[in-house]
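Peer 1: Chain by chain, the residues run as shown.
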Amino acid sequence: MTEAEIAPLACGRDAALVWDRAEAGLPLDAHGRSCPHCSAAYAEARRLDAAVHRMAATPVPVPEQTLEAVLGRVLEAARNTRPPEPLRLDSPLGPNRLARTAATAVLRALVDAMDGVRARSCRIEQPGPDPAIDVALTVAARFGLDLVSATARVRQTVVAMGEQALGLPLRRVDIEVVDLWEA
Amino acid sequence: MSLDDPTLVVRAREGDVRAFEALARRHQAALYRTAVRVTGDRAEAEDALQEALLDAWRHLDRFRGDAAFSTWMYRLVTNRCVAALRRRRAVPAADAGDDVAAPDSPERAALLDLELAALGRAVQDLPDDLRVCWVLRELEGLGYGEIAEITGAGETAVRGRIHRARVRLAGVMRAWK
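These protein sequence lines map, in sequence, to chains A and B.
Position 159 of the first sequence, counted from 1, bears residue number 159 in my numbering, the numbering being contiguous throughout.
Position 8 of the second sequence, counted from 1, bears residue number 8 in my numbering, the numbering being contiguous throughout.
Extracted from the complex, chain B is given alone in its bound form (with noise of 0.2 Å):
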């Protein structure tokens, strides 16, 4: 029997763990993928899904339920992305460790694709806020007003982070053909 997400969040809420197993194990997925693209770097996207979730837990009492459960995780691991990603480029030392676009992985090896490539790395030069946007939309397939309730942005704004980031990326993708 599988539950809907409402009646899980309202169990989780009250103490049920296995309810909110339930809720990570059916959201894991699109959070993981998204963190990925938005940090670039599987590592920091594990951290990001696993601190989110327990943000998740710890707060699912703010969880209010007019928007979907999966609008208020996409803001909780998007917000530990772009946290991560700042404190990455506060420390100059640190290398930062692109592994979606590193240039000997398996991953790029299997795709045997540049053009991915090259995509993958100018999304990760894009700004976070319009890549957390074109993240949303163009990777996950959300609408604008949900990308507007995950980052707390108006619709207005979100549209034209999308479009600046489209923009941005054919400019590049253009160059390299």
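Excised from the complex, chain A in its bound form (with noise of 0.2 Å):
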């Protein structure tokens, strides 16, 4: 037999099948309660059962400190990575620069304060030698919201709040709706 195969019951049932269905709390078939296999079966199956039951309902709290010894390394390896390369920023006084998952964070930020909208993917790029940047956006909205106007209005946002809140000139926002959610 190989590794898949299940051996059937003295009876020809599949005994899996009866197993599985004790475990949901049906009933055994017709044949089933009159056969002394299955019957034998299933009541071994429920007898299990009731203890593995006990056994799934016990808790198993995690230990508080895992999360944090995660994030702690998870920084570390981010901080060994080279970061993308930053944003210029013109100032009078000398060029800055503006991390960019910081300038991501803040778009994102934005599109999610609004109705019906989460942003998904942020991309910046500051292709010209002027410090104005592309943005291309992908969103997921809310289902039976009216896309036009949402990404219109996503749009408008986006190119109006991101510019006061970066200090860059928002030259193309691309905006793709990429998934929908039901409320």
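If you are wondering where the hints come from, they were derived from the structure by calculation, not from laboratory data.
Among these hints, one or two may not hold up.
Partial list, computed: chain A residues near chain B (C-beta under 8 Å) [said to hold, decoys possible]:
#, residue
1, I6
2, A15
3, Y42
4, E44
5, V52
6, R54
7, M55
8, L67
9, R73
10, V74
11, L75
12, A77
13, A105
14, F143
15, V177
Ranges of calculated distance between the beta carbons of each label pair, as one might list FRET restraints [stated by the list, open to error]:
#, chain 1, residue 1, chain 2, residue 2, range
16, B, A29, A, A165, 35 to 43 Å
17, A, A99, B, D61, 15 to 23 Å
18, A, A183, B, G65, 15 to 23 Å
19, A, A165, B, D113, 55 to 63 Å
20, B, S2, A, D29, 37 to 45 Å
21, B, D66, A, R172, 43 to 51 Å
22, A, E176, B, L116, 49 to 57 Å
23, A, H31, B, D66, 15 to 23 Å
24, A, D115, B, G141, 32 to 40 Å
Keep in mind that this is a model prediction, so the values were computed, not measured.
Here a beta-carbon is modelled for each residue, glycine too, at the ideal position from N, C-alpha and C.
Take each chain as given, in its own frame, and dock them per the hints.
Peer 2: Okay, here's the thing in structure tokens:
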């Protein structure tokens, strides 16, 4: 018998199916009720299932420091990888730089604050010698939302408030709706 | 505002550590529970969870959106558990600190349930591949299809493993009674 095969009961029934029925709390069918093999397998499954249920219900709390330790290591790993090129900011006193992750966080927060849309990907390019940026956003929208006006609203907000918040002129804003969620 | 997993995954992939934190916070309980049940050891389970979450952070770009993030995480954590168990067995001197079924642990005392303890030991005695499938099915309540995705075994093989685990456990529990 191969690994995948399940020995049938003496009556020929699929033993795993009888077991699944017992676990799901479904009664045996007409054959099963009158068959000693099915009844025995069913009873054994129910017996084990009671103990398994208690085991599943036993709480296993996560040690408090686990997440903190993981995040510490994640931050360390992030520090050790070369960050993407920062964005250039114009300043009369000399060039300033803005981390891309900070800029994308600002733009995502602007979108998240709007009704019915959530920002997903946010990519910023600064192609020219001037500091103007191109933004490519993907968003998820609530099902039923008018997507044309929603994307127009997102663009308007990102252009107006993004420029204000980042101090960078926005030259182009691409918005793609990639998912819908049910309210 | 709670963001869904696909949104958090995309953000984390683009370097947003807070999005990753939200994902880890959301899934850690189920992953840790699974790791404890698979390894039978809380310290080992915590290590496996930490390593699996770091694996996730490092390899988020490999996560294909066609499966649920939780499915992918279950795979990473069970892989880490099985690797830890193999290492433990490769070192004969190392005492397998089975604190889930330790005779005098507070957990055990609190349970006051010898049957549950016997079941715990029987689960630990299962072969790794049977135990992983059984834990995911019976304690985490996952379907055969998802367990097949997690383990990389076919759905028929998963069904067979779970059934053999059940029969073994029932046999042990019968003798114990």
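Peer 1: Determine for every hint whether it applies to the structure shown.
Peer 2: Hint-by-hint comparison with the structure:
1. I6: The hint holds - I6(A) has a Cβ within 8 Å of chain B, the shortest such distance being about 5 Å.
2. A15: holds (7 Å)
3. Y42: Nearest chain B Cβ about 11 Å off; hint violated.
4. E44: holds (5 Å)
5. V52: holds (5 Å)
6. R54: holds (6 Å)
7. M55: The hint holds - M55(A) has a Cβ within 8 Å of chain B, the shortest such distance being about 6 Å.
8. L67: holds (6 Å)
9. R73: Hint holds; R73(A) Cβ to chain B Cβ min 6 Å, cut 8 Å.
10. V74: holds (5 Å)
11. L75: Holds. Min distance 6 Å.
12. A77: holds (7 Å)
13. A105: Interface hint status for A105(A): holds (7 Å vs cutoff 8 Å).
14. F143: violated (13 Å)
15. V177: Result: violated, 13 Å to nearest chain B Cβ.
16. A29(B) <-> A165(A): 35 to 43 Å: Since the Cβ atoms of A29(B) and A165(A) sit about 36 Å apart, the hinted range of 35 to 43 Å holds.
17. A99(A) <-> D61(B): 15 to 23 Å: With a Cβ separation near 20 Å, A99(A) and D61(B) satisfy 15 to 23 Å, so the hint holds.
18. A183(A) <-> G65(B): 15 to 23 Å: Roughly 22 Å apart at Cβ, these two residues keep to the hinted range, so it holds.
19. A165(A) <-> D113(B): 55 to 63 Å: 58 Å Cβ-Cβ, so the 55 to 63 Å window holds.
20. S2(B) <-> D29(A): 37 to 45 Å: holds (43 Å)
21. D66(B) <-> R172(A): 43 to 51 Å: violated (31 Å)
22. E176(A) <-> L116(B): 49 to 57 Å: Taking Cβ atoms as reference, E176(A) and L116(B) lie about 52 Å apart, which means the hint holds.
23. H31(A) <-> D66(B): 15 to 23 Å: With a Cβ separation near 40 Å, H31(A) and D66(B) fall outside 15 to 23 Å, so the hint is violated.
24. D115(A) <-> G141(B): 32 to 40 Å: holds (35 Å)
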